[in-house]
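As you go down the protein sequences, you meet chains A and B in turn. Heads up: the first sequence begins at 1 in the numbering used here, then just goes up one per residue. Heads up: the second sequence begins at 1 in the numbering used here, then just goes up one per residue.
Rather than coming from a laboratory, the hints here were simulated on the basis of the structure. Model, not experiment: these values are computed from the prediction. Heads up, the beta-carbon is just placed ideally off N, CA and C, and yes, glycines get one too. A portion of the hints provided could be inaccurate.
Coverage of chain B stretches by chain A, computed from C-beta distances (three or more under 8 Å per stretch; other residues unrestricted) [stated by the list, open to error]:
| # | segment |
| --- | --- |
| 1 | 2-11 |
| 2 | 185-194 |
| 3 | 258-267 |
Using C-beta positions, here's what the derived DEER-type ranges look like [what the hints assert, rightly or not]:
| # | chain 1 | residue 1 | chain 2 | residue 2 | range |
| --- | --- | --- | --- | --- | --- |
| 4 | A | Asp700 | B | Leu209 | 49 to 55 Å |
| 5 | B | Thr155 | A | Arg781 | 22 to 28 Å |
| 6 | B | Arg66 | A | Arg444 | 52 to 58 Å |
| 7 | B | His97 | A | Gly401 | 47 to 53 Å |
| 8 | A | Arg282 | B | Leu209 | 51 to 57 Å |
| 9 | A | Asp700 | B | His97 | 25 to 31 Å |
| 10 | B | Met1 | A | Gly447 | 37 to 43 Å |
| 11 | B | Asp51 | A | Asp15 | 36 to 42 Å |
| 12 | B | Met1 | A | Arg343 | 48 to 54 Å |
| 13 | B | Ala288 | A | Leu19 | 30 to 36 Å |
| 14 | B | Arg66 | A | Asp441 | 34 to 40 Å |
| 15 | B | Thr155 | A | Asp15 | 29 to 35 Å |
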Amino acid sequence: MTTRLFGEPVQRREDPRLLTGQGRYLDDLGADALAVAFVRSPHAHARVRDIDVTAALDVEGLIAVYTWEDLPERVGRPLPLLIPHPALTHGRTAYPLAREIVRHVGEPVVMVVATDRYLAEDACALIEVDYEPLKPVVGLEEAAHGAQLVHEDVPGNVGAHLVQEVTSAAGLGAAEAVEAAPHRLSFRLDIERSASMPLEGRGVLARWDGSDLRVYSSTQTSTSVRMAIAAALGLPLPHVEVIAPDVGGGFGVKIVHPWPEEILVPWAAMLLGREVKWTEDRREHFVSSAHERGQVQHVTVGFDDEGRVLGLDVSILHDHGAYTPYGIIVPIITSTQLLGPYRIGAYRVEFSAIYTNTVQVTPYRGAGRPQGVFCMERTMDKIARYLGRDRTEVRAVNFIGPDEFPYDQKMTFQDGRPLIYDSGDYPEMLRMLKELIGWDDFRRAPGRGIGIGCYVEGTGVGPYEGGHVQVTSDGRVHVSTGLTSQGQGHETVFAQIAATELGVPIERVSVVTGDTRRFGYAVGTFASRAAVMSGNAIALACRKVRAKALRIAADALEADPADLEIADGLVRVLGAPSASIPLSTVAVLANPLRYAFDDEAARATQFAGAASPDRPPVAEGDEPGLEGRDYYSPIRSTFASGMHAAIVETDPDTAEIRVVRYAVVHDCGRLINPMIVEGQIHGGVAQGIGGALYERMVYDGHGQLLNASFMDFLMPYATEVPHVETAHLETPSPLNPLGIKGAGEAGVIPVSAVIASAIEDAEGIEIDRMPISPSELFELRH
Amino acid sequence: MKPPPFEYHAPRDLGEALRILAGVRGKVLAGGQSLIPLLNMRLMAPEHLIDINRIESLATIETTPRGVTVGALARHSEVEHSGAHPLLGQALRLVAHPVIRNRGTVVGSLVHADPAAELPAVLAVLNGSVRLARDGAAAGDAPLVRDVGAAEFFTGPLESAVRPDELAVSAFFPALPARTGTAFREVARRHGDYALAGVCAVVTLDDDLRVGSARVACVGVGPVPITVDVTSECDGRPAATVDWAAVTRAVREATEPEGDIHATAAYRLRLVGVLAGQALSEAAREAAAD
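Whenever a hint applies, use it, and build me the whole structure from the sequences.
Written out as structure tokens, the structure reads:
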């Protein structure tokens, strides 16, 4: 019998702690720390002429006030551009505190430290900044005209321009293929901004003891924050440790780093010799973190009588906000993942990343895919409508066949590697979806429609993650990995993997993530990569531990390692269950000792055993202890896929839109924990419903964000999210030992496309712009 | 998002509260569901905050044949579950969410006078009133009170007739006559949000089941709740034969919705007509069953 937990719907082990208020989030730490607040720009574009802090100096409890002028050279440099790209010819990042020019409402200008946040805000209110307002650049198309500039030295506001083109089998370019096709359509699509909006905002706590700096940050990457802080503050890396405590959601915004506050707060802690903390509030989060999604797409498609796409030409204007700290990952993903599960004749995609005087754009769950999928799926629906064919037929005729993997889309993906799909079965997935939603039996009526959307998601991008697994002499298994957790259930799924690989009860396994004291090498949690990357690394580390355990146990049991198994924490001889040794004892024996600190340890001391006097206690090439460390570094991403369908009803009088049913078929390879995967899908669909029907960032012509609160930025409540029906298809990835693919972003990706498809079906009006509100549907009707 | 400094007062009885209000310029804190966010966002910076939550005599709901008097500390949820008034019950189920209703107060909502809120419309359609008290030390001992009818109480968006030294101690919602039905219909972007538009209706039938009176109050389509008496448009007909399209036209003509980031003015105008028709016919059905 083995301890088979991989694939089981194991209850989330972190939930009792998180759901009973035992979680320790950033603001739960450092109760006595000094508090930071920022004076942030009220202007979208302005020159800072003067900063007068005089009035603030009288605030009782004020500790320090800093402007850019106060920062040492290393600290005052522009923040790093994290992912350079040759096409990003005009990448720009912000200074930690504004230097001369502010480029969006919310940009930090002055940092205030006080004994508590109330007083820090009082002081902020008394600081007078003299701004010379400059003309703001707002609106994607207006910005692309380039009449006004966000950055003086970036002509046309174009940060990056990238063209990728794949010719047809016959060697035609996209334009030629479109021209040669029997049918052609051209149209324009619009997607508005939204944002990650984690329940917990960002936050940083720093403690300096004179030689070592400890930083807590609500981040998706503690290892990289650590390196960024060490670099900016000129500290030796071993003297900096960064810990991600419980993190209340990330969804992409917390992979960006270092945030200004992640540099400024530790710097102030060192300068002041006191614990210093900054906890972002919701208003700050709206105007000072990051947004995503805003694009305008111009599409031309050529197709044959069956709806086969012969040529596709897409031109994208991508709103990048004021800065590009995360490079051009988002529009690259849009450009490449737009292709979905389809074999396209010839494809050309071009994007311009445009600066505007708005909050910067960095990845938000889905990270450019929702826009790409919206583009492709709207295209499929328009082809079906033009030809009078069923929308699923048009998709099916374009599918990559199940026998065509690995399938090379001949493009370069976001990891710089070829866009090659590793596995999938799209026709079967469509069959399952049609059955789940009852596509063929659906009765269409005015105000009642059905919609569909398909996507492929590259997950588990490199370069690597690692895992460390240690069995201690009490028989417990300690797993650590460097990437961070934001509520996904890593404590559960990584424990399932370790328990399965090592043959121990899951109760004996504990998991630590995101703590550089425990594991220093990692990339981070984003791009649906944690399970794929750390899951496989932990499995590989466990296999090392298992091999060592079998070797030591074989010596002790005088058996051949090949005849041993581990189950329920016991190493046993196959076929002779009475001949066994507990893993805890193996752990003791793995560590030759001089001192017997307890009875168990006595078994490993120098006079206790039958160790050969002719060999060193620790053999050459071996290490003491029953532990293993390994890394997983994939050759390229693994490609998950999914198809969603929805039935919506629209009210003839009020134009209200109700999602009656929502069905998902999902393929993330082998499932580690189907319950957690479903939870990820449900959460993703909820965010997708937000993006489709509720959320937008409403900037006025002055660059003011008009809905910077949860009263006017409409995230859906539970009452707005439909019940989600799910079915799983498993096409294992051949790229990694566990055969898994990522699932974190899946749910959100096609929702806008699906809802648009269903509303279009219900209303008979083409839906080319998302999100859509009842008021907008009303306007479209009239 | 921390409030600016203020001096905090926690009076134990009404007299003490009124004396404080007579002496300082401040804001009254009851349920705090609007005031606290306004303070935290520093959109408001009162020098004094007068917390009336310890004044138990204000936590009352009194029902008489004339109507229901709701004290300043009666929470939405208490009034909702008291069954004291059918229209109040219908309206309160549309106010935000249970957690907010457990703290927020009916009188506080009236004084806040948000034109998109449900309760001001209920007070308006019923011709209810708010009782305001101020310190009576100058004139004797008893507090000086005045009752202000709904038509005079709501003076503009977020503005009411309450003077700085006054405390709204209760609101009176008149009871419904026989053969009267009520309804509240609204469209909000999300469950519990302020409505894009809403209409509450009160319809009374005469002995022959003809419409004797019909009134609506509309939310979200003007600076204050817009009350429209559509009795004459109903033309004394039996409810089943009333030309509701003509009636709702009268309602639309009385409103002046504005557009905002959530909905255009045209959409709101459409909504208010649709909702008025729905609310009036539902109220008429209910009246016939009364």
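Cross-check of the supplied hints:
1. 2-11: holds (count 4)
2. 185-194: holds (count 6)
3. 258-267: holds (count 6)
4. A:Asp700 <-> B:Leu209: 49 to 55 Å: holds, 53 Å
5. B:Thr155 <-> A:Arg781: 22 to 28 Å: At roughly 37 Å between Cβ atoms, Arg781 of chain A and Thr155 of chain B fall outside 22 to 28 Å, so the hint is violated.
6. B:Arg66 <-> A:Arg444: 52 to 58 Å: holds, 55 Å
7. B:His97 <-> A:Gly401: 47 to 53 Å: Cβ of His97 of chain B to Cβ of Gly401 of chain A: about 50 Å, so the range 47 to 53 Å holds.
8. A:Arg282 <-> B:Leu209: 51 to 57 Å: With Cβ atoms ~53 Å apart, the hint holds.
9. A:Asp700 <-> B:His97: 25 to 31 Å: holds, 30 Å
10. B:Met1 <-> A:Gly447: 37 to 43 Å: holds, 42 Å
11. B:Asp51 <-> A:Asp15: 36 to 42 Å: With a Cβ separation near 37 Å, Asp51 of chain B and Asp15 of chain A satisfy 36 to 42 Å, so the hint holds.
12. B:Met1 <-> A:Arg343: 48 to 54 Å: At 52 Å between Cβs, range holds.
13. B:Ala288 <-> A:Leu19: 30 to 36 Å: At 49 Å between Cβs, range violated.
14. B:Arg66 <-> A:Asp441: 34 to 40 Å: Violated: the Cβ-Cβ distance is about 58 Å, outside 34 to 40 Å.
15. B:Thr155 <-> A:Asp15: 29 to 35 Å: violated, 51 Å
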